[in-house]
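One-letter residues, chain by chain:
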Amino acid sequence: MGGHSNWPEWIYIGIVVALMCWVGAEAWEAERLVEHVPADAKTIIVTGQQWFWTFEHEDGTKEIGELHVEVGKAYKFEIHSKDVNHAFNIHDYVVLMDAIPGRVNTVWFAPTDAGTHDIQCREYCGLIHYNMRGTLIVEDPTA
Amino acid sequence: MVLELQKPRPIWQIMFSTHHTDVGLLYLISSLAFLFLGGSLALAIRAELFLPGAQIIGDAMTFNRIFTVHGTTLIFLFIIPFASAVGNYYVPIMVRYKDMAYPKLNAIAFWMIPPAGALIWLGFADFTWYATPPYSIISAPGPAADMWIFGLKILGISSVLGAINFVVTILKCKHPDMSIGQVPLLAWSFLSSSLIILVAIPTFAAALLMLLTDRLGVSGFFNPAMGGDPIAYAHLFWFTFHPEVYVLVIPAIGMMYEIIPRFSRKPIYSYNSGVFAFVLLSIVGFSSWAHHMYATGMSFTEKTVFMVGTLAAVPASAMHVFNFVATMWNGRIKFSTPMMWAVGGIALFFSAGAGGVANAAMPLDFTTHDTYWVVGHFHLFVMGTIAFGSIGFLYYMFPYVTGRMYNETMGKVHFIMSFVGTVLVFFTQHVLGLYGMPRRIFDYPPIPEWIAMNQIATVGAMIIGISMAIFLANMIYSSGKGKLANTEDPFGVGGKYYYPFEAKNPSH
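Order-wise, the sequence lines are chains S and P.
Residues in the first sequence are numbered consecutively from 1, following the numbering used here.
Residues in the second sequence are numbered consecutively from 144, following the numbering used here.
The following block holds chain S by itself, in its conformation from the complex (with noise of 0.2 Å):
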């Protein structure tokens, strides 16, 4: 204690708040744009259930645990749960969104290549939790 001047510490403070305000910002302008969906997005269904996935597109195609989807081309999802809570979640594209019974969210994606990428929970939903897993699979119609 003492009255010695405790400017070192503010100095310090004021860069600690000016590195916050930028990694606000930045996450605010990133988040503002990942958040616009597009306006030609196809709409998949996507159901949560003690333990699987289900995946309706809008032409009424129904597929379990394996989503086929199109490079390219722009998908929103509609996320809706059966039972308890879920968390869709393509890591590999950071698609993740909780499946909540009663709600319906959405968040969506773009494809970038071809390929397989896996599909996971990532919320706690009992027993089989650890194996609600799903597989993604990205063609190219050119191909």
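No lab work stands behind these hints: they were computed from the structure.
Among the hints, erroneous ones may be present.
To be verified - Calculated cross-link-like contacts (lysine to any residue; reagent style SDA-like; alpha-carbon spacing at most 20 Å):
hint: 1; chain 1: S; residue 1: 82; chain 2: P; residue 2: 281
hint: 2; chain 1: P; residue 1: 296; chain 2: P; residue 2: 384
hint: 3; chain 1: S; residue 1: 82; chain 2: P; residue 2: 384
hint: 4; chain 1: P; residue 1: 409; chain 2: S; residue 2: 6
hint: 5; chain 1: P; residue 1: 409; chain 2: S; residue 2: 82
hint: 6; chain 1: S; residue 1: 76; chain 2: P; residue 2: 442
hint: 7; chain 1: S; residue 1: 76; chain 2: P; residue 2: 509
hint: 8; chain 1: S; residue 1: 82; chain 2: P; residue 2: 440
Unchecked claim - Covered stretches of chain P (chain S as the covering partner; in silico rule of three or more C-beta atoms under 8 Å from a C-beta of chain S):
hint: 9; region: 196-207
hint: 10; region: 446-459
hint: 11; region: 506-517
Beta carbons: idealized from backbone N, C-alpha and C, even for Gly.
Since the structure of chain S is provided, determine the placement of chain P on it from the hints.
Below, chain P alone, put in the same frame as chain S:
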């Protein structure tokens, strides 16, 4: 400062005592017992995840029960009671009062812990420490789930009673010659964390009751099938448990404020900024709870508000780190065991905070949320910061409590192994999270990166496990057979203690 040393007495005289050092001893022993119980569950989890496929735990349900009880035990039955132990020993002395303000209430608050611990351990619930509905309402098997709810209910009441006692002791019972600005920072940390408890806990207490009646089927607060909303529970839960993070971490920082100046042989760099940062943290701690819920479908505006609220807590935490470093600067530092733990804890506190900034940034959270990144992140707080500060303080108070000295070499080995282990486990888990491994999974597909990092983490956990066995042996042996300590200056740091009030009353 010398804690009251008493001759050995029959155990029931301690158990039925209401004296603050006796209640403190009870808190201390029970919290350490739960540290070892909860820690052994952690080792079981890590052993299971060493390789894909079932290893030592037969089935997913057992695994789910183990991580639920592991988290519940270490947060509610180790960290919080350990802080209460330290508060019981030190707060009355620091405010120069003969005991806690309400000694009987103090003993009652302690004696609520054993039955609550028994409910949690005998039930062994599986719905995670977050007890998320609707899973906890419609799927979680009873009676384990109901026993967990009752256990937590009892612990909540115990926390509130303890907090009332600390607030009254510090504000009303401090010596009339002392102003609040002379109360040592450790006591300030208990004032701040107790005020947070009083504001935050009642919300969760209400949510627990609603969860119970939902499970009984007489209400549907959080059950969508009856018109309820699971997100309402998430808000109520995190309104309590984000501030609760500060309830856990603030006393540990207070303990570091005791250790760092002693072993640097310098006064605290800035007492005022320490007090200011405690008060600021306890206020802004309430502005960030929904950052746990970005992925529940929150609007852009909501997410922005809670991101700003979260980032606002960073400067206050950074002030503490600055204060510690500035105190050590140019000090004649003696790296005895308590100092090593405190400095290690500060380093890990900084790392954990830096990771937290990444979580708070909205787009990054969608990469890290509910992966092992989060597991690594909060374990750097609860293990790396809070347990490190607490264990360091335990070594620090050991000679004052027992009158004997612990084995310094074993203490240092304990620190080095725990520090290496903590870095191996929890830094690796951050990376594992970036590779996408979800938390709370019993088994995982054989992805090479996942296997490698899980194995590193398991090796780290085993190193911590061995160090904790050394710790236990040291504590048991030294409390009975250790060298007699010089209780005036057990660590040989010399000089005078730097309490603000002692500057004015040097003869006290």
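Q.
Are any of the numbered hints broken by this structure? If so, which, sorted upward?
A. As far as the earlier hints go, 3 and 5 are violated by this structure, in ascending order.
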